[in-house]
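J.: Sequence:
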Amino acid sequence: MATATDDVDVLIIGAGPAGLTTANSFNGSRLRVRLIDIKAAPLQVGRADGLKSISMEVLDSFGIGDTILKDAQPWQIERVMVENLYKHGSVRVSWNAQPVALHTDLSSLDDPEAYPSTLTVQNTETGVRETIRAKYVVGGDGAHSWLRKYLKIGFSGDLTDSTWGVMNLVPKTNFPDIRKVFVVHSKVGTVMGVPRENKLVRLYISMDGGTRHTSVKAQNIAPEKILEAAQAILSPYTLEAGQIPWSSAYNVGQRVADEFARYGRIFLAGDAVHTHSPKAGQGMNTSIQDGYNIGWKLRYVLEQKADRGLLSTYQSERRPVAQALIDFDKAYLESFSRKDITHDEFLDAYLAGQAFTTGIHIQYPPSLLVRPVSASSQPRAANLAPGKRLPDFQIVNQSDAVPIQAYHRFTNDGRFRLLVFPGDLSQGVAFSRYNHLGKWLASSLAPSSGLEIITIHAAKRGYVELLDLHPVFRPWSDEEGWDYWCVYADDESYHKGHGRVYERLEISKEEGLLVLLRPDGYISLICGFEKAGALVDFFKELKPKSRTRLGTTGGGRQSNL
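So the sequence shown is numbered by the UniProt record's numbering: it starts at 1 and just counts up by one.
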């Protein structure tokens, strides 16, 4: 029997990469957020092996990128993310918490103050049950997701014919590249190695050449058999294990959930909605992107800055990414499993995989959050397009000359950012146009939008005086004075060179450019100075409306699914 009741704005199930990223998105907010996990504590042995640059940018926005980069150990990532939650104190974390039942009141979906979802949770140590009522629920509880199964959401796809063993070991070997990321492809199979913490190496080994292990179920393959397969592949090099602290075997499942959201109130993220092989290192990285996407959107809606219709973009943006990942993984896995593949064929597939896995290729479709422009009015700018992520770059602070990477500056605070590229402010035309924009922003947009405005100009830093700029570009605080961290120069730094932002992005120093950036770093809108009115239209359409029904399916007033 439940002995306590807790009401929260957001309940997150699962403290893996997806759940922890979602939770960290609420740091600094005043919302009531709770994270529960069946584990007793964060993982002490990491299952994921690598972070891509796009994921590091997310962690930078949480203020923990440097800490994780310094440690450079996969098992530390979840620990650092949990400690960041403790540091901010915005999210309550509960361990040993097992979901037991979920009840959804369909009659209250339209009420922004209601708590439609009621979850019963049992403490695995004490057996005590608790009732948690939530406005929104996010399930990041892994490939065997309790929430996905409880909602009876389909998990479409295949269990492939590839059986793989994986182990962490302290290797005793004469193989010269054991402390590098390597792939050895021989006639008897494939082994991939990733160096890890504490003298460990993670090995992925194809069993029986990558075909299904017919005599023994994957989960019953002993560590000794996995090691023997690795030894055969690496021969004539020798390999012995000093220690094997962890090993497993699996048949690769390539699946995508039929739904990423239910009722507009319950969402699934990470491995709960997509599974694939670990060869390209996409599990944790894609999960982080899922969590970042739904996290900021829930925060924005709950802070009453946008209509709940915004939440429908989570599925429309992230499910196609998951499907593209599965399609890619099928081809990529084949290159690891084929016995007859040539070195050049494998190398081409591997390099193509590296290009895909950066995530830079992702472009979200047009929506409430992504406003495409016609080709005739598209400003000239390379690698910038609505729906794509803003590339990272170095800029120099106008006031103190300190260089900084853009994503170190774009902290996770749930705000949209207007990046103003005015061109060369040492030129009269550009300066006049820029300050005219400032007057317009001050009267038309900035006061009510919660928008952060950041300037990146192309003049020599010494040619520009901060206090000559319109105050909207250097906000004043009675407690802290002028904000000196809103104006930057695309200029030479003292010790780290020149970022050459305008050159890299092909932004005209004569015409300038406006880029509206979502809280997750993706571009919503691009326009010239003369089209700035599009910003007003964007936020007008985004703002909360009267109660709008989202995603209700079927009849009746309640659901115990």
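No lab work stands behind these hints: they were computed from the structure. Remember, predicted model here, so these are calculated numbers, not experimental data. Treat each hint with caution, since some may be false.
Said to hold, decoys possible - The calculated BS3-like cross-link candidates involving lysine-lysine, where the alpha carbons are at most 27 Å apart (straight line), are:
id, residue 1, residue 2
1, 496, 545
2, 70, 149
3, 180, 39
4, 439, 540
5, 225, 330
6, 70, 540
7, 531, 388
8, 305, 39
9, 70, 180
To be verified - Have a look at the derived ranges for each label pair, beta carbon to beta carbon:
id, residue 1, residue 2, range
10, 67, 129, 32 to 40 Å
11, 236, 350, 57 to 65 Å
12, 471, 429, 55 to 63 Å
13, 198, 436, 53 to 61 Å
14, 360, 220, 23 to 31 Å
Every residue gets a Cβ at the ideal spot worked out from N, C-alpha and C, and that includes glycine.
J.: If a hint holds in the structure, say so; if it does not, say that too.
T.: How the hints compare with the structure:
For the hint linking residue 496 to residue 545, the alpha-carbon distance of about 47 Å lies beyond 27 Å, and the restraint is violated. Taken as a hint, the residue 70 and residue 149 pair is broken in the structure, with Cα atoms around 38 Å apart against an allowance of 27 Å. For the given pair, residue 180 sits about 32 Å from residue 39 by alpha-carbon distance, which is inconsistent with the 27 Å threshold. Proximity of residue 439 to residue 540 is assessed by CA-CA distance (about 19 Å); at most 27 Å being required, the pair is judged to hold.
Our distance criterion of 27 Å between C-alpha atoms is met by residue 225 and residue 330, whose separation comes to about 26 Å. Taken as a hint, the residue 70 and residue 540 pair is broken in the structure, with Cα atoms around 43 Å apart against an allowance of 27 Å. Annotation: proposed proximity of residue 531 to residue 388 holds, straight-line Cα distance about 20 Å (limit 27 Å). Distance check on the hinted pair: residue 305 and residue 39 sit about 35 Å apart at the alpha-carbon level, beyond 27 Å; violated.
At roughly 18 Å between alpha-carbon atoms, residue 70 and residue 180 fall within 27 Å of each other, so this suggested pair holds. Distance hint check: the CB atoms of residue 67 and residue 129 are about 36 Å apart, consistent with the given range 32 to 40 Å. Checked against the given bound of 57 to 65 Å, the beta carbons of residue 236 and residue 350, roughly 24 Å apart, lie outside it. The hinted range of 55 to 63 Å is not satisfied by residue 471 and residue 429, whose Cβ atoms lie roughly 21 Å apart.
Checked against the hint of 53 to 61 Å, the C-beta distance between residue 198 and residue 436 comes to roughly 59 Å, which is consistent with it. Checking the proposed 23 to 31 Å range against residue 360 and residue 220 shows it is violated: the Cβ atoms sit about 40 Å from each other.
Consistency note: the structure conflicts with the earlier hints numbered 1, 2, 3, 6, 8, 11, 12 and 14.
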